[in-house]
Amino acid sequence: MTAHTKPKVAFFDFTGCEGCQLNKLNLEDHILDVLSLVEIVEFREAMDDRAAHYDIAFIEGSISTPSCVERINDIRRRSDVLVALGSCATRGGVNAMKNLMPIDDVRTTVYGKDKYLFPTLPAQPVSAIVKVDHAVDGCPMTTREYLHVFTSLVLGKKPIKPNHSVCVECKRSENECVFERGMSCMGPVTRGGCEAQCPGVGQYCIGCRGFVDHPEKEAHLEVFRRHGLSLEEARKKMTLFNAYGWSDR
Amino acid sequence: MGNTFDIHVHHLTRVEGHGNIVVNMREGALEKCHLQVVEAPRYFEAMIRGRSFHEAAVLTSRICGICSLGHQLTSLKATEAALGLEVSEQTVQLRKLLVDGATFQSNVLHALFLAAPDFLGVGSVFPLVQTHPEVVLAALRMKRLANDIGEVVSGRAVHPITCVPGGFTQLPSAPQLRQLLLRLQTEARADLELAVQAVLSVAGNIPAFARETEYISLKSDREYALYDGVIHSSDAGATPVNDYLGVTNEQIKPHSTAKHTHYKRTSYMVGALSRWNNNHQQMNEAGRAVGKALGLSGPSHNPYHITVAQLAETAHCVRSCIERIDALLTRGLKEEKPDQEPTRYGRGVGSTEVPRGILFHDYTYDRKGTVVAANCIIPTNQNFANIDDDMVKLVPEIVHLDRAEITRRLEMLVRAYDPCISCSVHMVDVTFVE
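Sequence lines, in order, name chains A and B. For the first sequence, counting from 1, position 114 maps to 114 in the numbering used here; every step adds exactly one. For the second sequence, counting from 1, position 67 maps to 67 in the numbering used here; every step adds exactly one.
These are computed hints drawn from the structure, not numbers from a lab. Some clues are possibly wrong.
Said to hold, decoys possible - Capping the alpha-carbon separation at 30 Å, the derived lysine-lysine pairs in DSS-like fashion look like this:
#1 337(B) to 236(A)
#2 368(B) to 236(A)
#3 32(B) to 217(A)
#4 115(A) to 334(B)
#5 113(A) to 337(B)
#6 171(A) to 264(B)
#7 337(B) to 115(A)
#8 171(A) to 337(B)
#9 292(B) to 113(A)
#10 171(A) to 6(A)
Isolated chain B, as found in the complex (with noise of 0.2 Å):
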């Protein structure tokens, strides 16, 4: 390709949200290789201001679709702590379980129908449907199934509905568990066996690249971190969650309505690879195995396998699904009440892993349940900087191949993250003092 060239992605395609690739390289240097995002700002954290402790997550739900059970459920665990609110286990049982089925879904819409074209050459899932019918239908069975998972126990795949601060407003019935539970043992089986296989056949097209950062996660001592744990960096160990902006250190980039992060170097990675290298010895047999199955059985440096890492989360969350599902019925589901009456009033902090990483939200309520200020770091947000840094070691090492092929290999790389744009747009700046 020459030592001097320009390449300019607008409105890069599968991926959630509006984003463009700019690399500017002038005599073998680089000039410019970043990340635009050109999202229209949406302003969350102004408008949730004035709101009451009740709307917070229905509001912060409105965020992302694709990312929604995780926002509300963020947004509830900081509004409970704010406001001293008392969740049951069975709450935080339901709620991992909402967990794990959104992980999934997430992770094989991501894997199967917005990463796999990449690696089968084609522009998109649908030429797959000729091609690929049963892999396709697999995939679309196995959303279905996580999406009923989201329907059944909180009303609604997008946007839910039963979730609410202090519990739930409505419980799934027995019968409903019981036919998930079928569901996920039989077909899910089935199916997933039949995403690892496509995809084993096209792992000799994940590109081989590499660059160690920062990996950050949550971590728990008692299970592999979705939904609970403390801050955990690859380089600095544990943070608690409270203390979460002395990790994330924010900046506003020219280039981008989405703010940067960084800690201990110039970029982290945050999501499923990042939960990979920091907790795979958590992962249950299953995830370990498909991981294992896809060439990951330690950490990986190669941000291309991050779709790995998904499928690997795919069948540690299917495998867990049951045995949370399992768990329920054999305790039997009892009626409660959610916790609505504040005890204390001031800031909360609520933190869990979404597919795309570590999510944070931060509220601070005055005396009538009022949010006076807000704060959410996105995952997406938190990669930016690391997929800038990616891009400027990855250009010269693929500097000898054509525009063309630099261009997917760009794209494919973007798109490996997962970013998901409209979230990243929205929330910033920390206001405590009114």
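Chain A with its partners taken away, still in its complex shape (with noise of 0.2 Å):
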């Protein structure tokens, strides 16, 4: 990247719902702003051209079939900087959920007698195949973190990433204990960043932006047992958008 020219940036989408590639579409009052500090070089949801350089690559999805492995090799060989964004990409998100399953029987249960038509791996966040300079998480990533990393980016700064649980921000809001109302809550040992937006409009968290650092899997799964969940009803929730690697400890 020079000074004087923008960078060249390209978005590619792997196994997932696509929903934060929409959340960048759905950021209208700035996009127009967006566009005019980059170069949108690839972005096959979009448009038509495709490049051979990209100053920085965003990828979505998880990894999930051998063709799959093929592409990120060859995005990450031509990029400079490779930000994943949402939790299939920086987690394997709910995709991984099947990588506890026998996979045999995943695949018997969807196609059938025509399982092998479909080759299948068991789903990987994007680090686990390359290197990954960024992560934005959630399912759907905001659009205020994304914001905040692609202008860190472009203004050639690190961005600032949370390692406090979803908790910390709850009781900044104020807002009544997920536990109080009745609800089994993933926010304790959940990645803060959200605003803890699920439990300020009724929900409880559900874990989509992955685990904290060092975050006590074993006491928290003791807190849904106390609840009333059994163990296994625990590890359920604890693995909605977690399965990847998952152990109890």
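Reassemble the complex: the two chains are provided individually, in unrelated frames, and hints are given to aid placement.
Structural data, given as structure tokens:
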């Protein structure tokens, strides 16, 4: 990148729901400003063009087929900076739930006797295959955090990634504790940055942003059990978005 | 182009998900002509097994970010039917408001950002920012407004938060609804007018092509069916939602990770044009007027008209949102606790019209309220066979054009269907016996 040319930016989607891509198109109030700062050279969901080199590549989705592995290596080779967007790309997301089940059963359930027509791998985060420089968590990622990473990179700054739990933000918003309302919540072990969006509108935290560093998983399983969940139910809650590399400890 | 040629479009652009167009013509005979679906399979119906009824909609929402509201509401309807959970009239009205908002959000996105560049001969919406700034801004404002309806009523536009089995975790406030009402009555009206004029100015570039097919959508005797109704086929009439498997008849095709469907013919169409063809007489005046202005007064057999039907629906939904909010405000919003006490267990089927067509979720629950079997049939899957049949008719009709133009027409055709390929590869076999 030189000071006189706009950074060349590209967006790629792997195994996921494209909700994070949509959230970028949902930046209605900012999209024209964003476009004035960078040159978008590849964005299959919105445009036809393709390019050979990227200053910044944004990746959405998990790696879950042999062809995903080839594609992500190829993109990494041609990118200066690579950013994983959203829970599927940063942590394997909901896709990784299938990793905890016998793979042949999973494939039979969906495709029956034709299951071997469609090669599949355990769902993995992008960082399991190539180096990831920055990550924006969440399902979907929040547009606020995305804009923070985006503008930091364009300005040559290092983006800040929160490492406090959702509980911190929930308390700050003065919400009544979700456990007090009779629901079981992932807030205590889940990485903040979302401003406790779900507890703020009467729902519990589903853990979509992944764990904080060094989560007290065993202790939290015990908290769930004290609130009436079986160990199996507690594990299910924990693994909705955190199945990749899951262990109780 | 001669009578022997191959066309291969790898990873078609401006559609949601990954698909390739493959055409092999040998001495005037089509050897291969189809849309290959190469999206990675995701196995949702396997992952949902063993999950609690509270989590079913949270999880199936993640099938597709673009259709997340539609998946949630369809999932909730299936769960509520299976478990005997009652929802109030207020919940139904708020859900219908969400459906109207999501329909016009998605239709605006597709018609103006993904399809319109085709009519103007450019590769994306980005050049239009320079050449047609007022239309792009109008479309962005309409999208913003539709997303704000989602945020106010469901907590978030992508993967809504407050919609749960039996109702809502939190209700919108009256001032928030009044604010939306004001914007719908003022800015949306002006922006819609601009968008319609823009499409009208390029309507001459919509290709002439027709292939009559079977049109399937929901139908209701009360209103233009989006949230509720029975299955309606233009060939065969009504079928109860619970009997959807007799209509969809899914099959696996080696060229596609997404399953194909057929009913009375080799293929059928779902989505905005099917809804228009089956139900346009129930559309409100605002919607019908836009359809008429853009050349649609009755049923159309031209798939490129899907974009026109989407704009008519946009006008219909804007008007419908105004009426629904007005009624909600007049009645006053009542705090209600969602009904989450199951009164029965077993199987339940839910269906709604999502922007791309009719969607089915079908769950079976055990006595603990845990999913033991699931099946979802996605609109885009239902259109794949119809797209293939369209291509088989279209290619011989345009074979005199050059390769670039044939490719462009085929890409436009697939794009007109607004396929949502991520959605299409997840769900399938019915495994009701554990």
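Okay, the hints, checked on the actual structure:
For the hint pairing residue 337(B) with residue 236(A), the CA-to-CA distance comes to about 25 Å; that is within 30 Å, so the pair holds. Between residue 368(B) and residue 236(A) the CA atoms are separated by roughly 15 Å; this keeps the pair inside 30 Å, and the hint holds. Restraint check: the Cα-Cα separation between residue 32(B) and residue 217(A) comes to about 54 Å, which exceeds 30 Å; the hinted pair is violated. At most 30 Å may separate the alpha-carbon atoms for a hinted pair to count; residue 115(A) and residue 334(B) exceed this at roughly 50 Å.
Simply put, residue 113(A) and residue 337(B) have alpha-carbon atoms about 45 Å apart, too far for the 30 Å limit, and the pair is violated. A C-alpha spacing of about 58 Å is found between residue 171(A) and residue 264(B), which places the hinted pair above 30 Å, so the restraint is violated. Between residue 337(B) and residue 115(A) the alpha-carbon distance is near 43 Å, which puts this suggested pair outside the 30 Å criterion. Note on residue 171(A) and residue 337(B): the hinted pairing holds, with a Cα-Cα distance of about 24 Å set against a maximum of 30 Å.
Of the pairs offered as hints, the one joining residue 292(B) and residue 113(A) is violated, with about 48 Å between alpha carbons and a cut-off of 30 Å exceeded. Among the hinted pairs, residue 171(A) with residue 6(A) is inconsistent with the structure: their alpha-carbon atoms are about 41 Å apart, more than 30 Å.
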